[in-house]
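**Q** Given next are the chains, with one letter for each unit.
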Amino acid sequence: MSEKDSVQKKIKNRNLGFATFFGIMMLWPILYPNPYYLNVMVFTGINTLVATGLNLLFGYAGQISMGHATFLGIGAYCSAFLTVKLGWNPWLGLLIGILVTTLFSFLIGLPSLKLRGYYLAMATLAFGIIMETFFIELKSITGGPDGIGGIPALSLFGFKFHTDLRYYYLVWVIVAFLSLLVINLVNSKAGRGMRALHESELAAEVLGINTFRYKLMIFIFSAIYASIGGSLFAHYITHITPDSFSVMHSILIVVMVVIGGMGKIWGPLLGAGIMTVLPEALRAFEVYHEIAYGLILVLIMMYFTDGIAGALSFIFKKISLSVKS
Amino acid sequence: MVSKAQLLQFIVSGIMVGSIYAIIAIGFNMIFNATEVINFAQGEFVMLGGMTTAALYQIFHLPLWLSCVLSILLVTLLGIVFERLAIHPMRHFSVLNAIIITIGASTIMRGGTMITLGRDNMSFPPYTGSGDKPFMILGSSIPQQGVWIILVTLLLVFGLSLFYKRSIQGIAMRSTACNKTAAELMGVNAKWVVTLSFAMSAASGAIAGALVTPITLTAYNVGLILGLKGFCAAILGGFGNFWGAICGGVLLGLLESLGAGLISSGYKDAIAFLVLLIVLFLRPTGLFGTVKIREE
Amino acid sequence: MEGDVLLKVSGLKKAFGGVMAVAGVSFNVAHGQIKSIIGPNGAGKTTIFNLISGALSPLSGEVYFQNQDLIGLSPHQICAMGISRTFQNVILFKRMTVLENVMVGRHSRVSSNFISSIVRLPSFKNTEKAIMDKALDLTAMVGLEKKAFEMAQNLPLGEQKLLEIARSLATDPKLILLDEPAGGLNTAELETIIRLIKKIREKGITILLVEHNMRVIMDVSDEIVVLNFGEQIASGTPEEIKRNERVIQAYLGKGVSFARSK
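Protein sequences appear in the order of chains V, R and F. Residue 189 in the working numbering sits at position 185 of the first sequence, and the numbers go up by one each step. Residue 125 in the working numbering sits at position 121 of the second sequence, and the numbers go up by one each step. Residue 40 in the working numbering sits at position 19 of the third sequence, and the numbers go up by one each step.
Check the hints yourself; a few may be wrong.
When the alpha-carbon atoms are kept at most 30 Å apart in a straight line, the in silico DSS-like pairs for lysine-lysine are as follows [what the hints assert, rightly or not]:
1) F:Lys168 <-> V:Lys322
2) V:Lys13 <-> F:Lys167
3) V:Lys14 <-> F:Lys115
Which bits of chain V does chain F cover? Going by a derived footprint, with three or more residues having C-beta under 8 Å, they are [stated by the list, open to error]:
4) 201 to 207
5) 211 to 217
Calculated directly from the structure, the hints in this document are not laboratory data. Nothing here was measured: the structure is a model prediction, and the numbers come from that model. Glycine residues also receive a C-beta, built at the ideal position from the N, C-alpha and C atoms.
Only chain V is shown next, with the shape it has when bound in the complex:
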């Protein structure tokens, strides 16, 4: 078949895959209503959301952020503070979280993205450590090391999302919707611009793409996704403390993106899935977690740069080729 047809087919396959997966996710709780599994899947969903944003930054803009857990924290604390201390509507809290995150990511990205790649990495790391300190010290706003508790549930037209089951559906519908937005973005003019930017910044510039503006927008976009994840996180566990938003967590999110496959569509889901479920399953070996993360990062970067998504699509291709012949 012609090249054009095979491209159409790829798109159809992808849409089919997406719809199938979404269908399975929606039916899952009916088949496995175990609240523990639901709990893990809710966290997987939130992590997928954050990883999706970071994946965009890594895989397309080719930039590193070492502080994404911080944006999670900003979203979480905004939601927590505004709903608990001021009694505001949770959705408004989520929105304010997005606005504050946009401001911070803009302020950090503006100087850093004009410089070479590692400056953003260091700046976000520094930002992360500063905010960690503020989360702990600003007792009047963040509740200090004890954090903020009693965070109310999200509700829509009176329907409260206060059970694991309801939250499961809420999170995964949001994840599906926001993932769709990302897919739309990647397959658009802006997406081509991002991919071009990743391949060669010089060539992209010369073709009229304002690479700095793109990098900044992608950075802010990815931060917003983390913020939304943070707000969802806050309303789920109802009590947040500063140690959920440490540098270690930022590194964990990086691991998710890397192990899933940078720039791959299914990467964030696979990465978040593995890095949420695996530590849970290996709770007994918690002391080995950190060294495991490091090993995963190094080995994947050295030998499997496309991560698990890349490895899977490679296997798929081999299978479909051998099936054809």
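On the provided structure of chain V, position chains R and F as indicated by the hints.
**A** Structure of chains R and F alone, referenced to chain V:
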């Protein structure tokens, strides 16, 4: 209001801690000048220097001086192994990959240390004057270890500047940093220069760790913040610049000490990173920087 | 307007370390003409391109395009003004298709923002179609329509060069800078490039060409500027350059004979 004596105290403490930052900053510069890679694991070399010395002293009951020397040797060896295993094969990969690898390496070092030595603080006695009263200089006190820190730093700085100026290896490193191809054409083995720079960087990190632990204690997770502060010092002084690293380190130490003393000590760490962000914002080349930092 | 000065370069200087790569070069490019810059390797030709397109900033000197100062502008701003360029060692977006490469070229000419991309407003569909149509036209113009959906990295060198030119044309340039388009091509591919260059001129686009291949230079150029060690040593029509003593001396012993031209 703050008394003159208190101010002097802050300054003395600032110089002391700034010396450590300076050494770490020099370590960053060494690797960057040889490979254009920012070694996120730099702080871990410092941590390992302190932890290994503490372990050798506390667990194996080796004499203090031997523990220090052995620790520095071991960490240097680790630096070489790290370069051979993870950096050298990746020399053709993108900066993004290299950064993630160093992040992964630092996590491995941190995690490995946590497994073997636990999460608790560890320490060892100062080189001299354990339990003695601190020295008094113009009304402000400095522990004897602090004097050691400043002395060793000065020695290190002096030794390195001699090394770079006079020794064949030092000149080889400088020429490779300037222009790798030209250096190679003149017979410099660039690969070996990279390994040497990692070894020296690890060694200097370990020295910093072995120096500062009697005062600040050490634990498996101190590397991240120390590394970041060292990076901040390097940026402040002008990334890649030897003397800039020293000035940046001392300046950062002073800012931190004064800030913690005059404003609040809870935010001590935040000060360094605020400085980093401000420098990035206003003057990314730092005080003496000449490195090309914008994408061109 | 035909004949008017489109690009004015004067006193351009650029140094790298201690070496003066471009040592005071001045020339004009008139609207609608094909001007070539030739010279031995290291003469500073690509550096001049980098200076004009904004990838480097000069030590001193001026570059005016349609009477607007280009110095200090970023490459994407210069592209928006109507200057486009190719690269000596072809920089394609390797993991994108041929068509996608050309479509990227339309970026600055079609406006659409993030929001319409992610929410897929109806205006989005229209702009995407417009981009794709124009890209298909250009792909066909350079003869690559059959490979429109192939990965750019799978193309042979000759076709990669054609793709890069098609991509540059997608920006609707008034002036296109071609950096050694004939480098590494065989005879048949050379013919194709020459025909393409002439086709570009027919479309009213002005061309500034850097090239080593004398056959191409002599065939397409209206005027030639000769550089050596960053300095201009001659300028004129192909006939004048062929007979110029200084030029012949500069090339003596390099194996290029001016006498052997069609």
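**Q** Could you tell me which of the hints above the structure violates, numbers in ascending order?
**A** Violated hints: none at all, because every hint is consistent with the structure.
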